[in-house]
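**Q** One-letter residues, chain by chain:
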Amino acid sequence: MSYLLTCPNCGTREVTDFAYGGEVSRRPRERPSRRELGAYNYFRRNVAGVQREWWYHRSGCRAWFVAERDTRDNRVLWTALPDEAKAMQ
Amino acid sequence: MSRLPKQPGERINRARTVRFTFDGKPVDGLAGDTIASALYVEGQRTFSRSFKYHRRRGLLCCAGQCPNCLVAVDGAPGVRACTEPLREGMRVEHLNASPSLERDLMAVTDAVGGPFTPPGFYYKTFIRPRRLWPLYEKVLRNAAGLGRLREKQDEREWRSEYRRRHADVLVIGGGLAGLRAALAAAEAGEDVVLADEGAEPGGRALADGRHDEARALAARAAGAGVEILSSAPALGCFDGLVAVWQGTTLHQIRARRLIFATGAIEQPLVFAGNDLPGVMLSGAVRRLISLYAVAPGTRAVVAATSDRGLEVAEALRAARVEVVAVADLRAGWTVLEAQGRKQVRAVVLGAIDGSAERRIECDLLVVSGGFAPATSLVAQAGGRTAYDARRGHFALADLPDGVEAVGAVAGEGATAPEAVPPAVSGAQRGKCFACICEDVTAKDIHLSVDEGYDSIELSKRYTTTTMGPCQGRMCQLPAVRLMAQETGQDLQSVGTTTARPPWSTVPLGALAGPTYEPAKRSAIHARHRELGARVQWAGDWRRAYDYGDPQAEALAVHESAGLIDVSTLGKLIVRGPDAAEFLDRLYPNRFSNLKPGRIRYGVLTSDAGRIMDDGTICRLDDESFYVTTTSSGAGAVEQWFAWWLADWGMRVTLTDVTQGLAAVNLAGPRAREIMGRLSELDCSNEAFAYLDGKRAAVAGVPSLILRIGFVGEVGYEIHFPAAYGHHVWDAILEAGAEHGIRPFGLEPQRILRLQKMHILVGQDTDSESTPFGAAMPWIVKLDKDEDFIGKWALEHAAEHPSETALVGFAMPDGDVPTEGAAVLDERGEPVGQVTSARHSRQLGQVIGMAWVPSPLAADGATITISDERRRLSASVLTKPFYDPEGEVLRS
Amino acid sequence: MTAFEFLEVSGDAIARSPMERQALAAGARFEVRDGWNVAVSYPANGSLTWTDMSHLRKVEVHGTHDLTPGLAAKANGSWRCPITRDRMLVLGASDADGIDVTCSLAALAICGPQAREVFARFCALDLREREMPVGGFRPGSVARTPGYVLREDDDRFLMLFGWALGEYMWTVVSDAAAPFGGVAGA
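Chains as they are written, first to last, in the working numbering: chain A, 1 to 89; chain B, 1 to 891; chain C, 1 to 186.
Same shape as in the complex, but just chain A:
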């Protein structure tokens, strides 16, 4: 595994420059039920396909950003800073 990721701040780097932060999920806004809390803490969709996920440029700018990546072939569709990513559908 040595594909490339494009950090919105720094540009394109080897994926080993980054830390993976898992798929983007939403923290409950209100007090969740036990089931909801369990799902939020422990369950992941783990899709075979395109997913939105967090990445951290550990070796570079040390900023978090969001990427859409196809988990089957590591094709990265786009990357964006969190505020920009919120606008991407």
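Just so you know, not all the hints are guaranteed correct.
[Claimed, not checked] Taking CB as the label site, the calculated pair distances span:
1. B:Thr862 to A:Ala39: 40 to 46 Å
2. C:Leu71 to B:Gly820: 38 to 44 Å
3. C:Asp97 to B:Asp815: 58 to 64 Å
4. A:Arg45 to B:Gly597: 37 to 43 Å
5. B:Glu887 to A:Glu36: 45 to 51 Å
6. C:Arg85 to B:Leu531: 43 to 49 Å
7. B:Gly597 to A:Glu36: 38 to 44 Å
8. A:Ala39 to B:Leu511: 50 to 56 Å
9. C:Ala44 to B:Leu511: 31 to 37 Å
10. B:Gly597 to C:Ala44: 29 to 35 Å
11. C:Gly77 to B:Glu887: 42 to 48 Å
12. B:Gln536 to A:Glu36: 43 to 49 Å
13. B:Gly411 to A:Glu36: 54 to 60 Å
14. A:Ala39 to C:Asp97: 43 to 49 Å
[As the list claims (entries may be wrong)] If you want the ones that stay clear, here's a sample from chain A, every Cβ over 10 Å from chain B, calculated:
15. Ser2
16. Gly11
17. Arg31
18. Leu37
19. Gly49
20. Arg58
21. Asp83
Everything labelled a hint here was simulated from the structure, so no lab data went into it. Even glycine gets a Cβ: it sits at the ideal position worked out from N, Cα and C.
For chain A, the structure is supplied; the task is to place chains B and C on it using the hints.
**A** The following block gives chains B and C in isolation, referenced to the frame of chain A:
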């Protein structure tokens, strides 16, 4: 034997002799020779013994593709004699034969081994009696493999340097097509690298009369700025990164465009005795003649499937080799058997319909079973292949974006009609090798299908066909043909095995590269070494574990004063108008009400309420906090903070100053006096109380001084610019000398903190521990109005007491239980475990911490610890062993 | 003391680079300059050198700036290097206002026509002329650890990395530069 007259494109320099040794005997070759060409001139025909049967093997491909000429050079095995340039004084030795290449005792396996050595024989033949397997294993291990590594090497000897290369275009393969593609790209202004496995670019053209064209093209390409890497095989494609091995350098090349010009690989034919020395591919014969002016034999028979194969007959005649017969498969003739003991003495040709055969005496059998596109690397880069029934091989069918193929690998130039050879011929006459690397015969593939290994991928793993040094170059297609014949499928359905790196054989040392291990060292590290510290890894830091006597070092902290380097602590500056609220949201306790100049302990929890890290937080001013983390948690905590900040978008900035500040902890009953001598601070308990954080100069260096008590005595954690590491350390030791100060290491610190029951996150806690279980309910402020990370899970945990609890335990002085030892219930069932245990000289006891069932988490309860075969009894404590009320600490 | 003075090199004591001992072993002669013990000369000369620049003042400045990502700007002898949209590193300025990270980041300048080849031995950044003009600034992994590379001049690259990795990085750079005849220089 002598050389042929000067050949038009020859590479040798007849004026320069190069002397080397082969198995101890001196041999003279010429500059420009390979090991193999020089030995061949001298009459050497056997170059190695085969992997399993120890059969004689001679030159087959002369292109660095097959396993037949693997030798050891100066003690390094796995070198291909046919491509390795001759060097003065090189020591060449054979592999895989004992006592000698000529007399190899293991060759007996060839005579008797057939029925006993089918695929997987080591599991079939050598399993009974079972108790003898260790012996069998030893024998088999000794028999297996090709050559031995030397036990010791010089540091740089087998290591390669990594070299990153970014380019616009990478061309793999330096034949005419590759050179043309590289030239065109360079002339268009692109930054081009060309990697070629040959010692000289030009590929096949160098040996088939087009050498002038090849050399001119190479010169033009170099002139246009192409970086040409010679003797540089590409090993594999890894998501666009191509590894190219060139001697002592491993190039890691990324290019926007990949152009594959990997050519086509001449295929052998499968017939009885097809591995006998003297059986050669047509390309090998042409290279020997054209590049090295070596006559490959005196009387030759040619068996071919295309015109390309037949052209070799012309080349042989030009080199005055008698061509006594030509078997053209298109005319219905092929070869059934090569005969001879040490090398080819005769061949049996047969009509494909079985109607006729002819035995012909000769010393050279030139075979050419067609040319298969070298698609493996392209496949690794995402290309797909499909079977081309007309040509009888797998051809490229589909290429991903950014990947191109030119030349023979793309099917260019293959115009002449070819005949598709039978999967095997002359099968009844002797061993017909499908895979010469691993000694797999056509019969072995038949057997493996019989046993149910009827897919090409399964057969590969069972018989190891395609897994040897040739990496399928010589055996992939024959194996697929045999599989098709055995299973009745067509070749497209059989398919090929997945192309995997490495495409060329490579020493592991070349892949390992230099051994760079990022080791962090505190700014005071050199002093620790001078003081005789035992240095050990602690995470990615090198740390002083102790200075020789951990118990005495711990005692010094109680009796006078100790000084420890704690520079490894994570240190973060959290700053901004929302900084206090940010920390309130991250920690289960409050920081918004912390006064500037005061310190509070904090435990970070996840949203599952589990402990992630801990540390102290000092408020510097309204908007600034100084956060310390555990040494190993520094990176993760910064990452965690930054993550929530990215989500919440608060007006907060983070600055990691972990490495920017050295930190030392000065602790002990005399610490206050020593501090007083080093700074102008009023260090009285009233002016500088427990959990105060002050900024002042220490030994003239601006510092942040935190009065905290991890080790249980009055202590000052002094944080200051790392550039002053030695200065401050030296000054403290000097000022404390008359007070009996002593440096102490990590191990005595662990004893001291255990006496205080201060947890080590990750040592005493695991991924399931909550602050409630870890006996720190006071750290969780569920009455905080605001939401915080972990709140919901901790609310639940508060209402549902945990089943286990972290407690201290003490035992009479004696054996120290192993960390991880089990805590047993009355029935002897494991119900908990010891997380820390140490002998404490101060307390005269063995003390520790353990997770125990909650009913046992009461002062005075007795627990049983099972440690290996011992049963130890200990009594439970829920308060610190030393200074339980913290009076010493606050004094 | 101001809020963050404990991060700053000031006062009477002599500040030392984390690579001081390695420089000493390479034969450096030292002088105290602006409170730092600085290697001012070495016995060996060469066209490829690496120079300890750890004493360079570095300040992390928060707040939006007008810099182009990947490109540092030089003014009055100091470099303003953009890391994110609202964070930059200012190198060599005595008056920059922010958090002083001088001692968080050690620094080596690698100089000479072969500098890129030395980097290529331990760093995956694309430092080719076209991709990395003078002033090009790249946060990214160097020798398996987080770092920054700034092209200060045609053949001069400044590499910043963790202070605690000084001894390690000196070893890596001298090892990588040795085959090119590189030497420590001032």
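**Q** Decide, hint by hint, whether the structure agrees.
**A** Tested hints:
1. Distance hint check: the CB atoms of B:Thr862 and A:Ala39 are about 42 Å apart, consistent with the given range 40 to 46 Å.
2. C:Leu71 and B:Gly820 have their C-beta atoms about 53 Å apart, which leaves the hinted 38 to 44 Å range violated.
3. Our hint of 58 to 64 Å for C:Asp97 and B:Asp815 holds, since their Cβ atoms are close to 60 Å apart.
4. A hinted range of 37 to 43 Å is violated for the C-beta pair A:Arg45 and B:Gly597, which are about 47 Å apart.
5. Take B:Glu887 and A:Glu36: their Cβ atoms lie about 47 Å apart, and the range 45 to 51 Å holds.
6. Range check, C:Arg85 to B:Leu531: about 47 Å between beta-carbon atoms, so the 43 to 49 Å window is met.
7. In this structure the hint that B:Gly597 and A:Glu36 lie 38 to 44 Å apart at CB holds, the actual value being about 42 Å.
8. With their beta carbons about 43 Å apart, A:Ala39 and B:Leu511 fall outside the hinted range of 50 to 56 Å.
9. Hint check: C:Ala44 to B:Leu511, Cβ distance near 33 Å, so the stated range 31 to 37 Å holds.
10. Checked against the hint of 29 to 35 Å, the pair B:Gly597 and C:Ala44 fails, with Cβ atoms roughly 51 Å apart.
11. Our hint of 42 to 48 Å for C:Gly77 and B:Glu887 is violated, since their Cβ atoms are close to 57 Å apart.
12. A C-beta distance of roughly 45 Å is found between B:Gln536 and A:Glu36, which places it inside the suggested range of 43 to 49 Å.
13. One distance hint, 54 to 60 Å for the beta-carbon pair B:Gly411 and A:Glu36, holds here, with the actual separation near 59 Å.
14. The hint said 43 to 49 Å for the Cβ distance between A:Ala39 and C:Asp97, and at roughly 47 Å that hint holds.
15. For A:Ser2, the requirement that its beta carbon stay farther than 10 Å from each beta carbon of chain B is not met, with the minimum near 5 Å.
16. Its beta-carbon lying about 12 Å from the closest one in chain B, A:Gly11 satisfies the requirement of being farther than 10 Å from that chain.
17. A beta-carbon of chain B comes within 10 Å of the beta-carbon of A:Arg31; the shortest separation is about 6 Å.
18. For A:Leu37, the shortest C-beta to C-beta distance to chain B comes to about 5 Å, within the 10 Å cut-off, and the non-interface label is violated.
19. No beta-carbon of chain B comes within 10 Å of the beta-carbon of A:Gly49; the shortest separation is about 18 Å.
20. The claim that A:Arg58 lies off the interface is violated: its Cβ sits roughly 7 Å from the closest Cβ of chain B, which falls inside the 10 Å cut-off.
21. A:Asp83, annotated as away from the interface, has a beta carbon of chain B within 10 Å; the closest lies near 7 Å.
Violated hints, in rising order: 2, 4, 8, 10, 11, 15, 17, 18, 20 and 21; the structure is consistent with all others.
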